[in-house]
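> Listed here are the chains, written in short residue letters.
There are 2 protein chains.
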Amino acid sequence: MSLPYAILTALLEKPSSGLELTRRFDKSIGYFWSATHQQIYRELGKLEESGAIRALPGPRQPTRGQKKEYEVLPAGRDELAAWVARIEDPKPIRDALLLRLRAAGVVGTEGLEAEVRRHLALHRAQLAEYRAIEERDFGEGGKSEVDRLRHLVLRAGIDLERFWIGWLETARAELADLGAGAAADARTGPAATA
Amino acid sequence: MSLPYAILTALLEKPSSGLELTRRFDKSIGYFWSATHQQIYRELGKLEESGAIRALPGPRQPTRGQKKEYEVLPAGRDELAAWVARIEDPKPIRDALLLRLRAAGVVGTEGLEAEVRRHLALHRAQLAEYRAIEERDFGEGGKSEVDRLRHLVLRAGIDLERFWIGWLETARAELADLGAGAAADARTGPAATA
DNA sequence: GCGCCTTGTGCAACAAGTTGCATAAAGAAT
DNA sequence: ATTCTTTATGCAACTTGTTGCACAAGGCGC
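Taken in sequence, the protein lines are chains W and H. The numbering of the first sequence is the UniProt record's numbering, which starts it at 1 and goes up by one. The numbering of the second sequence is the UniProt record's numbering, which starts it at 1 and goes up by one.
Simulated from the structure, these hints should not be mistaken for laboratory data. Being a predicted model, the structure only gives us computed values, none of them experimental. Check each hint, because a few of them may be wrong.
Stated by the list, open to error - Cut-off 20 Å, straight-line C-alpha distance, at most; resulting in silico cross-link-like pairs (EDC-like, lysine to aspartate or glutamate): (1) H/91 / W/129; (2) H/91 / W/115; (3) H/91 / W/159; (4) W/91 / H/147; (5) H/14 / H/169; (6) W/91 / H/174; (7) W/91 / H/115; (8) W/91 / H/169; (9) H/68 / H/48; (10) H/27 / W/95; (11) H/143 / W/177; (12) H/143 / W/20; (13) W/91 / H/95; (14) H/91 / W/177; (15) W/143 / H/95.
Unchecked claim - Footprint (simulated), chain W over chain H, 3 or more residues, beta carbon under 8 Å: (16) 13-24; (17) 110-119; (18) 128-139; (19) 152-162; (20) 167-174.
Note that the Cβ used here is the ideal one computed from N, Cα and C, for glycine as well.
With the sequences and hints as input, model every part of the structure.
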């Protein structure tokens with residue numbers, strides 16, 4: 001659905017080979033749309049076939065194991081522009097940890113608090129990483145249109161991490177609170193607390 | 001990955017048939033882990049085969065088009081309890097709208113503001129729905145362990161919607177601000193603003 | 001020259017999720 | 001009685017995403 005457009009965007013920002021794209025996905029676009037090199041190569045093939053991109057004519061092209069750079073053609077740019085304005089509903093959340101909290105209601109919370117703490121640490125680390133990028137890339141003023149939009153996206157990432165950190169702290173407190181007394185009856189069944 | 005556990009949780013809360021599960025997914029568990037009836041039937045088959053659940057012996061079982069209720073067996077309950085404490089990293093965000101904002105940086109923001117406004121309305125509606133559920137199910141005190149955990153999960157949903165609403169408002173303002181002057185050169189290329 | 005590591009491209013098989021449709025039973029409508 | 005709708009289960013085909021591996025070229029050590 002969205003991967004081809006992510007690739008088109010990356011290629012418009014800078015023509016690249018498959019592996020270069022993979023690396024760039026690992027640090028910037030991949031923060032909100034990750035992809036493995038496999039997906040990227042497959043999609044590059046499709047995009048080339050459909051005429052949205054083309055391989056730059058380099059020294060020698062046809063062999064395997066040789067770098068192959070792509071650039072976006074006008075048709076690809078048009079498709080991307082159309083996608084930007086397309087009507088497409090937001091996808092509902094899909095989060096396994098929330099599911100696990102819910103499951104803990106019926107089978108007990110044993111071991112969950114440690115996992116919540118671990119996630120908390122991971123989200124704090126991610127927040128720190130985002131903040132470092134913000135500092136580095138959007139420190140001073142004088143922002144172009146591209147910069148302002150990129151910063152906006154980054155701020156979504158930052159605020160999302162902040163949300164998770166806040167919520168996980170609440171969750172940890174709640175689990176600790178349930179902990180002591182409830183640990184015993186959680187093992188046999190949760191209904192006893194009522 | 002998580003779907004079988006979502007189903008086990010739902011079945012422990014109340015033994016059900018495939019279609020009943022589908023309906024329940026549409027209103028409660030599905031808020032953070034959605035599934036179609038197809039996925040659910042397939043997964044029920046696998047879970048039954050692996051001995052995690054079994055069909056309740058009803059009037060007549062074997063025919064098609066006949067309701068078939070399932071309940072969780074001890075093995076299934078144990079698997080679920082193990083999953084609750086399992087180490088599993090949070091998945092990175094995957095959001096098409098953020099991607100579209102980023103794409104707008106290179107192909108122009110035309111048509112995006114309307115889409116942002118539409119999403120804003122959808123998230124406000126979702127928030128209202130969650131708040132109504134909160135009012136209905138967790139209005140007064142006297143909460144059991146299950147209730148407290150369920151409420152915690154619901155609050156994650158509520159705060160996530162609040163996050164999106166806040167961010168989308170910022171985005172809309174930013175797009176409106178870029179709008180007037182930038183609309184012209186966005187069509188030809190974004191670099192002109194620098 | 002020969003092994004070895006890195007860079008680079010790609011196939012194949014699988015897992016998860018989506019879409020469209022077929023089938024069957026039971027009850028309501030006429 | 002027969003048609004229509006609702007409830008219910010399920011197959012088949014497809015798309016997306018993941019994992020493991022194969023293969024090719026070039027640079028480096030010795």
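> Evaluate each hint against the coordinates.
Structure-based check of each hint:
1. H/91 / W/129: holds (16 Å)
2. H/91 / W/115: The hint holds at about 14 Å.
3. H/91 / W/159: Roughly 16 Å separates the two Cα atoms, so the pair holds.
4. W/91 / H/147: violated (26 Å)
5. H/14 / H/169: violated (40 Å)
6. W/91 / H/174: violated (23 Å)
7. W/91 / H/115: Given pair residue 91 of chain W, residue 115 of chain H holds - Cα atoms ~14 Å apart, limit 20 Å.
8. W/91 / H/169: Distance of about 19 Å is within 20 Å: holds.
9. H/68 / H/48: Answer holds: residue 68 of chain H to residue 48 of chain H is near 12 Å, not above 20 Å.
10. H/27 / W/95: Judged against 20 Å, a Cα distance of about 16 Å means the pair holds.
11. H/143 / W/177: Judged against 20 Å, a Cα distance of about 13 Å means the pair holds.
12. H/143 / W/20: Status violated; Cα separation ~54 Å.
13. W/91 / H/95: Satisfied, since the Cα-Cα distance of roughly 8 Å is no more than 20 Å.
14. H/91 / W/177: Violated. Residue 91 of chain H to residue 177 of chain W sits at ~27 Å, over the 20 Å cutoff.
15. W/143 / H/95: This hinted pair is violated, its Cα atoms lying about 24 Å apart.
16. 13-24: Contact hint for the region 13-24 of chain H vs chain W: violated, 1 residues under 8 Å.
17. 110-119: With 7 residues in contact (Cβ-Cβ under 8 Å with chain W), the coverage given for the region 110-119 of chain H holds.
18. 128-139: Contact hint for the region 128-139 of chain H vs chain W: violated, 0 residues under 8 Å.
19. 152-162: Our answer is that it holds, as 7 residues pass the Cβ test (under 8 Å) against chain W, meeting three.
20. 167-174: holds (count 4)
The structure fails hints 4, 5, 6, 12, 14, 15, 16 and 18 (numbered hints given earlier, in ascending order).
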